[in-house]
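Colleague: Quick note, the sequences are listed as chains A and B, same order. Position one of the first sequence corresponds to residue 452 (my numbering), numbered consecutively onward. Position one of the second sequence corresponds to residue 287 (my numbering), numbered consecutively onward.
No wet-lab data here; the hints were simulated from the structure. C-beta: ideal position from N, C-alpha, C; glycine also. Any given hint could be a false lead.
Unchecked claim - The calculated lysine to any residue pairs, modelled on SDA-like cross-linking and capped at a C-alpha distance of 25 Å, are: (1) A:Lys548 / B:Val417; (2) B:Lys506 / A:Ala519; (3) B:Lys506 / A:Gln547; (4) B:Lys584 / A:Ser578; (5) B:Lys383 / A:Ala527; (6) A:Lys548 / B:Lys506; (7) A:Lys548 / B:Phe464; (8) A:Lys548 / B:Lys686; (9) B:Lys584 / A:Gly477; (10) A:Lys548 / B:Ala386; (11) A:Lys520 / B:Lys593; (12) B:Lys584 / A:Gly596; (13) B:Lys383 / A:Asn528; (14) A:Lys548 / B:Glu442; (15) B:Lys593 / A:Pro504; (16) B:Lys584 / A:Gly531; (17) B:Lys584 / A:Asn479; (18) A:Lys548 / B:Lys526; (19) B:Lys646 / A:Pro615; (20) A:Lys548 / B:Pro590; (21) B:Lys686 / A:Val621; (22) B:Lys506 / A:Ala534; (23) A:Lys520 / B:Phe464; (24) B:Lys506 / A:Gly531; (25) B:Lys383 / A:Ala534; (26) A:Lys548 / B:Arg595; (27) A:Lys520 / B:Pro471; (28) B:Lys383 / A:Gly619.
As the list claims (entries may be wrong) - Cβ pair distances, simulated, as ranges: (29) A:His607 / B:Pro448: 46 to 54 Å; (30) A:Glu493 / B:Glu497: 51 to 59 Å; (31) A:Asn479 / B:Lys584: 35 to 43 Å; (32) A:Lys548 / B:Asp421: 17 to 25 Å.
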Amino acid sequence: MCTCKWLSAVVLMTAVICVVGTACAGPNLGRDVTPEEMVTWEITIPPDGSGLPPGGGTATEGGTVYNAKCASCHGANGTGGPADPLVGGIGTLVSQKPVKTIGSYWPYATTLFDYIRRAMPYDRPRSLSNDDVYAVSAYLLSLNGIIDQKARMDAHTLPQVHMPNREGFVSYWP
Amino acid sequence: MPKQGRRQSTGAMELPVPVADHGLLDRRAFLTGAIHVAGLVAVGSHAGDLVATAQAAESMTLETPPWMQGPGQPFRGYGQPAKYEEEVKRTFFQPYKDIAPGSGASMTPLHQLQGTITPNGLHFERHHSGVPDIDPAQHALLIHGLVRRPLHFSVEALLRYPTISRICFVECSGNSFFNVAAEPPQKSCGAIHGLVSCSEWTGVSLAVVLEEAGVDPQGKWLVAEGADAAAMNRSIPLVKALDDAMIALYQNGERLRPEQGYPMRLLLPGWEGNTSIKWLRRLTITEGPVYSREETSKYTDLMPDGKARQFTFPMAVKSVITHPSAGMRMQGKGLYEVSGLAWSGAGRVTKVEVSADGGKSWAEAALQAPILPLALTRFRLPWNWDGSPVLLQSRATDEKGNVQTTREQWTAQYSAGNVYHYNAMQTWSVSPAGEIKNVYL
């Protein structure tokens, strides 16, 4: 009886500490992540380009992919389609209808690779090869006049592309 | 301004003297019995609806109604609203139309609801690539990056964790963006402001699972990613993740709906809805933000100089009158209840004021308890409409002293085309004929 009460008190104390304290230990029901899982799951590409895969492509190669997989929504030359325009819009950011494109707004070229691989084409995301993603990125950068049509985009060159609106953002998080 | 306490005669009814122009009464008038509640007039969505209903009910009272002349329906496993309420539903915003019908938003019909908790089937939706059909047995959450031990959680495992609950709003940072247009859109209150909803969320404290993974001291941010076809992701400061973030598994008591992130979503109370990643599948601890597409090309707020604010996480103090509101029609002069919702990403709402003369004079509204931080708060005020044209507004203040801005003040902070973080006061005009419209002041 006495032990039982004492045990109850300990359990109660633990519960109180758990609620009040910040280091509340959980039941540890997660399992270790396998190296294979880590490779499959990791698709995020930050501005320094870490995680960019091998491969590459040029605007010329990208144009072929774009016309087959992207133009129906984004228009023949990255504009004029029913989906977001990808080209032009410079000088519109302070207007009533800002046209936010890769050329006028996007601060990092790496985000192109990340987003196209992650989410495009809309009806079949994750269906493009890494070479295709590099090539389409190159094509869109070239259409916006940011890189030369012959430039090859790969893990080394893509993070070095300086975007026109690179300085266009002010972080409101300290 | 007239003093409180005295009474004025309005025909058959004795009413207190208004506390602000155009008949706004003391917020306690209903409670103190200064007003006979029977005198209250409700506004209808369609002209004459309520009058017609009242007349039909009058003629029925002498007969036994059909539902008393035989037994009703038996039980059903999952209840549905009354069939007479089928007009209460979300409105859609599908900017890409047929090419991407699942990309866009649906808005909570705020003007058709009361209280503060949004029914699960009416919670607003914002999807970037439709609603995925996720088999929970094949879904998992990965926590990795700058951690001591990367962890893989099955849904089943997370369901065994100690749970926490909290009532809070979720608001899309694009809420009310229709009011950015040069001309005020003539839409319902819900169609304009319905990208905000409020639920009781239950799940696992994110701090608990992060503690198990052991965050490296270098880790200052985390990147949350969803399992939808857009693999939607956002960078989030670790401070928030350790403060009050939740891996939500239940909404208003039941498991999350697919459109709210089934089988699990991130919940960041008070922060722009886009960061509360639905269909959560991955949390990567990082040193800094990864500048995903959503936090660069989308959820950034253009300022007058053409630069854009980035990582503007908390939603600002805001309120809107839901009753009466655009599209409804006043049912003649008399006593009404002005009612609406207020909220703030900075904490509790402490005050809501109502004006019927476009902001010249104000009356303080009653706030319905409990007033919870980061949750929708219902406000109410009795109003004796004299049939003259009025401009109804509400203005919220939160516990940090933030006061909701005028549209003019809000507009001055941003570029003309900015559609994010709109928290200006809403103005509804009421014509002598009882027509209610959206206007800008």
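Colleague: Are the hints correct? Go through all of them and say.
Modeller: Tested hints:
1. A:Lys548 / B:Val417: 29 Å, violated
2. B:Lys506 / A:Ala519: This hinted pair is violated, its Cα atoms lying about 41 Å apart.
3. B:Lys506 / A:Gln547: 36 Å, violated
4. B:Lys584 / A:Ser578: Holds, at roughly 24 Å.
5. B:Lys383 / A:Ala527: 19 Å, holds
6. A:Lys548 / B:Lys506: 36 Å, violated
7. A:Lys548 / B:Phe464: 13 Å, holds
8. A:Lys548 / B:Lys686: Distance ~34 Å between Lys548 of chain A and Lys686 of chain B Cα, so the pair is violated.
9. B:Lys584 / A:Gly477: Given that 25 Å is the threshold and the Cα spacing comes to 36 Å, the pair is violated.
10. A:Lys548 / B:Ala386: 22 Å, holds
11. A:Lys520 / B:Lys593: Violated: Lys520 of chain A and Lys593 of chain B sit about 33 Å apart, past 25 Å.
12. B:Lys584 / A:Gly596: It holds: about 22 Å lies between the C-alpha atoms, which stays within 25 Å.
13. B:Lys383 / A:Asn528: 21 Å, holds
14. A:Lys548 / B:Glu442: 47 Å, violated
15. B:Lys593 / A:Pro504: 32 Å, violated
16. B:Lys584 / A:Gly531: 19 Å, holds
17. B:Lys584 / A:Asn479: 37 Å, violated
18. A:Lys548 / B:Lys526: Since the Cα atoms of Lys548 of chain A and Lys526 of chain B sit roughly 33 Å apart, the hinted pair is violated (cutoff 25 Å).
19. B:Lys646 / A:Pro615: 46 Å, violated
20. A:Lys548 / B:Pro590: Satisfied, since the Cα-Cα distance of roughly 13 Å is no more than 25 Å.
21. B:Lys686 / A:Val621: 24 Å, holds
22. B:Lys506 / A:Ala534: Outside the cut-off at roughly 35 Å; violated.
23. A:Lys520 / B:Phe464: 32 Å, violated
24. B:Lys506 / A:Gly531: Outside the cut-off at roughly 41 Å; violated.
25. B:Lys383 / A:Ala534: It holds: about 9 Å lies between the C-alpha atoms, which stays within 25 Å.
26. A:Lys548 / B:Arg595: 17 Å, holds
27. A:Lys520 / B:Pro471: 36 Å, violated
28. B:Lys383 / A:Gly619: Violated, because 31 Å separates the two Cα atoms, which is more than 25 Å.
29. A:His607 / B:Pro448: 46 to 54 Å: Since the Cβ atoms of His607 of chain A and Pro448 of chain B sit about 47 Å apart, the hinted range of 46 to 54 Å holds.
30. A:Glu493 / B:Glu497: 51 to 59 Å: 23 Å Cβ-Cβ, so the 51 to 59 Å window is violated.
31. A:Asn479 / B:Lys584: 35 to 43 Å: 37 Å, holds
32. A:Lys548 / B:Asp421: 17 to 25 Å: Since the Cβ atoms of Lys548 of chain A and Asp421 of chain B sit about 42 Å apart, the hinted range of 17 to 25 Å is violated.
Hints 1, 2, 3, 6, 8, 9, 11, 14, 15, 17, 18, 19, 22, 23, 24, 27, 28, 30 and 32 from the list above are not met by this structure, while the remaining hints are.
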